[in-house]
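Now for the letters of each chain:
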Amino acid sequence: MKELLLGKLDGNALPHEWFTIAGSISFILLVIITALIITRLKRWKWLWNDWLTSVDPKKIGIMYFFVSGFMLIRGGLDAIMLWLQQALSSGSSQGYLSADHYQQIFTAHGNIMVFFVAMGFIFGLINYIVPLQIGARDLASPFLNTLGFWLFVAGVVMVNMFFLFGGEYAATGWLAVAPLSGKEFSPGVGVDYWIWSLQISGIGTTLGAINFIMTILKMRAPGMTLWKMPMFTWGSLCSMIMAVTVFPLLTATLFLVFFDRYLGTHFFTTLGGGDPMMYTNLIWMWGHPEVYILMLPAFGVFSEVVSTFSRKAIASYTSNVLGMIGVSVLALSVWLHHFFTMGAGANVNAFFGVMTMIIAIPTSVLVFTWIATMYKGRIRFDTPMLWFLGFVVIFAIGGIAGVMLAVPPVDFQLHNSLFLVAHFHSMVIGGVLFGIFCAITYWFPKFTGLKLNERIGRYAFWCWMIGFCMSFIPMYILGMLGATRRLDHYDASTGWQPFFVLMLIGGIIIAIGVALQLAQILASFIQKNRLRDTTGDPWNGRTLEWATASPPQFYNFTVIPHITTRDAFWEKKHHKLPKPAYEDIHMPKNTAAGIYISIFAFLVGFGFVWEIIWLVAVSIIGIIVVFVVRGFNEHPEYTITAAEVQQLEETRARKDLAVSRPEKHDDTDEDMGLWQLIGIVFGFAKDVIRNKRWRKW
Amino acid sequence: MSKINKKKHSPGGLLLLILLGLASFGLLLAFLLRGKNVALFNPKGLIAQAQLDLMLLTIIVLLVIALPTLFLVFFIAWKYRESNQKTIHHSGTRHSKLLDLSMWSIPTAFMLVLAVIMWSATHRLVPQKTIAADAKPIRIQVVSMRWKWLFIYPDYNIATVNFVQVPLDTPVQFDLTADEAPMSSFWIPNLGGQLYSMTGHVNRLNLIADTPGDYPGSSAEINGAGFSGMKFTARASNMDDFYRWVQEVKQSPEVLDTATYDGVLEPSENNSVAVYSAYTKGLYDRVLTKYAGSHTQRPAIYEAKH
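Just so you know, the protein sequences line up as chains A and B, in that order.
Residue numbers for the first sequence follow this note's numbering, beginning at 1 and rising by one.
Residue numbers for the second sequence follow this note's numbering, beginning at 1 and rising by one.
In short, the hints are calculated from the structure, not lab data.
Where hints are given, some of them may not hold.
Said to hold, decoys possible - Each computed DSS-like pair below joins lysine-lysine, with the alpha-carbon atoms no more than 27 Å apart: (1) A/K528 with A/K228; (2) A/K572 with A/K228; (3) A/K228 with B/K97; (4) A/K528 with A/K218; (5) A/K59 with A/K686; (6) B/K231 with A/K183.
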């Protein structure tokens, strides 16, 4: 009876080790504190109506940023824990983690950073910026978008769920290689959490990608042909087409692992005719393109930023676009370079080596177009440009390492070593994460109406740069010393410890960088009068998103613009705009269906993890019911009449005028420094304590 | 803005600071590397040497294109900075076919060079290829288990755990497979690159040593809880020492029969070295056939063959 009700779930599943207890306590505390604050501020209704059920891609974008930012800190803590273990665990010292804990942490670190940080940020950016850049008011399917976001959130919750129930995550590495991930070698629920976390969020990604392809292909403003699209939109389009191509492959592969584990099939097992090598192929056929799915929008960001801050149109637009298309097509045919060491013959290995070298060509072309864009430009070095320059250095190092790894005989020596780990961190931190930071600094005025504090931003950038070099240059060297990845312990005689200590110090500097980025946002809000952007165009931008107010009205554009050239906004700025004739606007209604479906999807996953069959059945029925009910909703849209639009626009204009009137901002004439910020925060805390202000709360 | 502007006007100072930082960091690293076995730069055999040469060649070709590109990025960014009044700035872009052509052809040329180097090297250094040498190759059968390495010498009828000794200047054929273990990767960095060991497969890895010494070996691929402790020592010695060692092993009271083998097969961590003076005939073949497409959970092949 108990088994029928609760499956495998019992008292043993509750956390009883220090790190799961710590994890679940912080998990629960966080939920309680957030709930208390929202209740205290009486914001539940506002939160539900204005944000959670919203189908506005701008709001969904911001929500992606919140979740991913939070996960960045969560995954970063994992990284520090890993580094600490490696710095301590030499010779007779075993460090503070068992091998099993250590392996779970690096698996979680990889999954969180790739799926829930990088993917989340990229999807957030695409959500916010792409509709603005193509002159659209919303997406092709607003409902699919909210569904995709909430499935992503369900994945995030699932990946952290092991803290509360089960106490173990997969200890298999982020791709859960077979046969290690099979029931034979990983009997616990860890791999099941891994399967369902990726499965649910992966389906969300596929849906989101389909939606963005439709949006970009069908909803561009009149006159904007494909060859007039901004670079970020191009990068996003390439990325989303790749996502639609390969994510179904991940879904299928995960189902096969699931069948192996639940039904006792033999797709990837060692016995019974299973073929683990097949799994390695399938997972990398998805896994390699995945890296480029993250990278291409970042390339687009850099193109936009270089062009804007050089005050020049992107040079060789066609080459740049062809470069991105080239990367996205070739990325589908290089997966085998992840396992030259599996023993394929020379011809197979050499073929994939050549393909990998070919992919370096369009990537180099992108770099050259950026150089050509800067040539004879008028370059300003605001923080987005700093992130770009930092990216170029790290990406060059990582790229060299990457091509070295693409030569099979060299790869035999470097594969699975820390050199490889340093390589892909160069690509994902230097390329993707710096691209994301660059994008957030660049578009922050669009998101919030405020420019970010430049001074603290520079400090944060330098912390990231120095911390990165300090942790990853020793990592490259450790690879040369013969250190393999994922070691929780090594002999003192190897002499590796000083390098691991350097890595830990570098990691702490990066953590300070993250703290500074949070401080930067805080300082910007404190100085909001000084940093406010009322023009909608703080950087003298070129593309259409800068034609809207900052932040844009929920319908983006009062009147849909007609496009005649690339860099549409830049050209428009030099012509007089005719007075807009207001028209009716159709907007999608908010819906909570995405949330309900995601809750059910989460429960399906949870039910399968613990083998609670009734829960799975009920939840699947729940999903179907919500879909059907949603399908019968015949009025998913509403209309804002021209008169209402006019009123909204006028209110907005008055508001903007009111805040922009005081010509003299604060008494300072520059962005707040770090000490000043600390002073303000301390002053505030002192004021709270001295005047007992908490009583009012 | 005054303070920030001042900083912007002295990129030279910043550059100096960066170079100084990098130089001192480099010195620190060099200091820490003293006397360490930098395995990849310390090859002790033909294969490792060839792989190192290839790696250095690749780095050189790549640096020839990467360094000027990096220099160009920073030089152009600095030269066309907004505050530089002496330079001509253009807001328009003239489209140049020549520029496009060179953008595509330069990296293509470099990658072509690399691809040619790589293609022939991949065929030359394919790990399955027997190394040409005067001495007759020695065969060693390797079984990766949770979490230890078993070495079987079919030519001498001996077996060892976590220790392998090979004679100098003699090609060694490692036949890698696994038993009841996830994929592992057999790696002796001083002697040459790695290959995976997998159940039901034999991956042949040919290596050779030319300097006597003890070289660390490990599993490079994650394979479970005992992964970090799955290490072994590869000792290279001259022929006489090798034969002496074989004779020593032959004196060992331990024999690797089926029961002992099953004991070794039990998962265990941080295993010490063990030597066996003999082993049951057909042991290695049985490990292989155990996974040969049987559709029952436990191998029926055992009964079928014996």
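Verification of the hints:
1. A/K528 with A/K228: violated, 35 Å
2. A/K572 with A/K228: holds, 14 Å
3. A/K228 with B/K97: holds, 19 Å
4. A/K528 with A/K218: Status violated; Cα separation ~38 Å.
5. A/K59 with A/K686: Not OK: A/K59 and A/K686 at ~35 Å, beyond 27 Å, violated.
6. B/K231 with A/K183: holds, 25 Å
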